[in-house]
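Enquirer: Mapped onto the working numbering, the consecutive letters of the sequence shown carry residue numbers -10 to 552.
Check the hints yourself; a few may be wrong.
[Unchecked claim] Restricting the straight-line Cα-Cα distance to at most 30 Å, the calculated cross-link-like pairs of lysine-lysine (DSSO-like) are:
1) Lys187 / Lys158
2) Lys187 / Lys244
3) Lys244 / Lys289
4) Lys408 / Lys427
5) Lys62 / Lys7
6) Lys224 / Lys289
7) Lys169 / Lys197
8) Lys144 / Lys158
9) Lys538 / Lys459
10) Lys244 / Lys94
11) Lys135 / Lys197
12) Lys94 / Lys144
13) Lys187 / Lys397
14) Lys62 / Lys196
15) Lys135 / Lys187
16) Lys397 / Lys430
17) Lys408 / Lys459
18) Lys62 / Lys18
19) Lys7 / Lys430
20) Lys267 / Lys408
21) Lys290 / Lys319
22) Lys96 / Lys229
23) Lys430 / Lys135
24) Lys196 / Lys244
25) Lys135 / Lys477
26) Lys467 / Lys454
27) Lys7 / Lys96
28) Lys477 / Lys408
29) Lys135 / Lys18
30) Lys7 / Lys427
31) Lys74 / Lys196
32) Lys96 / Lys74
33) Lys135 / Lys74
34) Lys197 / Lys187
[As the list claims (entries may be wrong)] Cβ-Cβ distance ranges computed for the label pairs, FRET-style:
35) Lys459 / Thr535: 42 to 50 Å
36) Gln540 / Glu341: 36 to 44 Å
37) Gly544 / Gly203: 33 to 41 Å
Don't read these hints as lab results, they were simulated from the structure. No experiment lies behind these values; they were computed from the predicted model shown. Glycine included, every Cβ here is placed at the ideal spot set by N, Cα and C.
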Amino acid sequence: MTSLASTIVNTVSFEGQKPGTSGLRKAVKVFQQEHYTENFVQAIFDALGKNLEGSTLVVGGDGRYYGKDAVQKIIKIAAANGVSKLLVGQDGVLSTPAVSTIIRKYKTLGGIVLTASHNPGGPNGDFGIKFNCENGGPAPDAVTNKIYEITTTLKQYKIVSGLQVDIDKIQSVSFQVDGKTFSVDVIDSVQDYAALMKEIFDFESIKKLIQGDGGRPPFQVLINAMNGVTGPYIKQIFGKELGVSDSNLVNSVPKEDFGGLHPDPNLTYAADLVNAVKNGPYDFGAAFDGDGDRNMIIGKKAFFVNPSDSLAVLAANLSVIPYFKKTGVKGYARSMPTGAAVDRVAQKTNIECFQVPTGWKYFGNLMDAGRLSLCGEESFGTGSDHIREKDGIWASLAWLSVVASLGKSVEEILLDHWKTYGRNFFTRYDYENCDADKSNKMMEYIEELMKKPDFVGTKLTSQSKTYVVKEADNYSYKDPIDGSVASKQGLRILFDDGSRIIFRLSGTGSSGATIRLYIESYESDPATFTQDPQTVLKPLVDISLTLSKLQEYTGRDKPTVIT
């Protein structure tokens, strides 16, 4: 066994190493600065304190550029800080849902996930590092705040500079570091996750749907990994397990720059999937983001399933999935900006439903307390208490389970759902890379407007539609489990008919500011259900743009992305 010693490297602290809703995300070039990555990793380890000694951690990421370099740095720093063992995905690759799966299965102290999620990759793209706790979920605010505080004063880090592990091949290697054994297990990236999916779902019924059974024609699926981490996962799960043809599994090789694609599964960035399904023989399409936690679902002729509707439909049909037959349904939850369609399912089924701030970590406490089974975010994230992350492949398998059980098309399932519950029309406008100062000034202007004593009761009119302001606030959330409070989570204008306008500055970009505008309106008239959401919601969109003076503050006359 090779014997090595750790050394201490003097460094300087960096400004701005504050994790957002899901870790620290910056341009690759920022992470490549001398000591930058090492500082942040050391800060994570310092935040873990005495728990780190003799611990096991999981390490892996979405395969983007700089990922392998970062894995090697983490291995060296972990060895010097008293970690006993690392479980590293082969090639440094692990989807975010797989990291959560492995943390929970092997009961590790947590894991370091190397991803900037749906942000672009490559030398000129973005990189990210986040820490997931022992429950498998993103670190809560108390931990990320502690990490950030440490980064502001960090003066040195520990490292074993001579330690190198070949992470391209599955193996177990051990070293003597400062007289203690340090091991690295390079593991199969897919195996544990695929095994969990087979426990949750009835693969045989999904396979019969896809292959055709009992006189039913094959159900044609097209799965797009967007050159992200899910490539090996879809090959194993959809290809080997469910018998989907290789030609129906596209962009399935992870690439450091995602092949030039923007790995965000929405109608804008997954246009190749949309067009292929619109013009092809496919009954179902699914796309996943760079790290595999987000999903987009579309039906035949590219019938789009809004993520808020997707959550509600799954909630209404959870009983068809074997996992929930065993566990029962404990509760539903959505992020505050997400459409309230799932609330209506909860009300009808008399099941508890929570509204939390944006960020998957807020769901974790509810799950750990046994009060939440299914949750989702309008940003194409859906998941359940099988892990503590959103899970793209899980969501697509859940949808295929519902289709197999009901024997209906995706569109028919949605239309039936709306007939039962009504339709919450929903859209999101993203204005990316705006000037941060001007964006903050716009938010301040809106909030001051909302605070005026006569704002509640104001009538706002556009295109013969009039909305009366019922409530307006900057959303705050008190966690029902631990009592912690998250404030300033988004500006909400709620109308007396249930419609909503919400403004948020996103915490997932790597530069500038992203303004997100969310618009929602409920309709119970079946004559409206098949209308284009952009048409139905245009009066509210116009009101929100006028009210906020968004164009005046940002200079933008249209959003970067509409979903």
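Enquirer: Going back to the hint list, which numbers does this structure go against?
Expert: 4, 7, 8, 11, 12, 14, 15, 16, 21, 26, 28, 31, 35 and 37
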